[in-house]
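According to my numbering, the sequence shown is numbered sequentially starting from 1.
Quick caveat, the hints were computed from the structure, so don't treat them as lab data. Where a beta carbon is used, it is the ideal one built from N, C-alpha and C, also for glycine. Be aware that a few hints might be false.
As the list claims (entries may be wrong) - Per label pair, the in silico range of CB-to-CB distance:
#1 Glu93 / Asn35: 23 to 29 Å
#2 Arg110 / Arg33: 30 to 36 Å
#3 Thr30 / His111: 39 to 45 Å
#4 Ala67 / Asn34: 19 to 25 Å
#5 His25 / Val91: 20 to 26 Å
#6 Val22 / Val96: 15 to 21 Å
#7 Arg44 / Asp95: 26 to 32 Å
#8 His25 / Lys115: 34 to 40 Å
#9 Arg44 / Val85: 17 to 23 Å
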Amino acid sequence: MITQFSSDTALLLVDVQKGVDVLEHWGGPTGRRNNPDAESYMLRLLAAFRHNGLTIAYTRHDSREAASPLKFSLPTGAQKEGFEVQPTDIVVEKDVNSGFIGTDLEIQLRHKGIKRLVI
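Sequences are here, hints too, so could you generate the full structure?
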């Protein structure tokens, strides 16, 4: 198990938006998530990366689908509490399923010397 990361490692938090909790949209017929504890693990990682001054990156999804809760124009498009973006964080906005398609995420990470991601 890795217990320490160097400055060439970044934490990438993907689409940590309130709309993820709209279970009737994502959960299918059962309305359940497969990892209801994901945010608590992400918050622990986020705190550790912030404490150690390491790079943090976020993707934010602004869906093209009218029915999606992941739209910036809706309250559910906002970041979840505890995942507030800081001025030094990398943030990319996307409307497809990858933060690397049609964004400058890779360029920003390389500019900071990032070679490894914790996702």
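Status of each hint after checking the structure:
Checked against the hint of 23 to 29 Å, the pair glutamate 93 and asparagine 35 passes, with Cβ atoms roughly 24 Å apart. Distance hint for arginine 110 and arginine 33: a CB-CB separation of about 33 Å, consistent with the stated range 30 to 36 Å. With their beta carbons about 43 Å apart, threonine 30 and histidine 111 fall inside the hinted range of 39 to 45 Å. Take alanine 67 and asparagine 34: their Cβ atoms lie about 21 Å apart, and the range 19 to 25 Å holds.
In this structure the hint that histidine 25 and valine 91 lie 20 to 26 Å apart at CB holds, the actual value being about 23 Å. Judged by the Cβ atoms, the range 15 to 21 Å given for valine 22 and valine 96 holds: they are separated by roughly 20 Å. About 30 Å separates the C-beta atoms of arginine 44 and aspartate 95, a value consistent with the hinted range of 26 to 32 Å. A beta carbon spacing of about 36 Å between histidine 25 and lysine 115 agrees with the range 34 to 40 Å that was offered as a hint.
A C-beta distance of roughly 18 Å is found between arginine 44 and valine 85, which places it inside the suggested range of 17 to 23 Å.
In this structure, none of the earlier numbered hints is contradicted; all agree with it.
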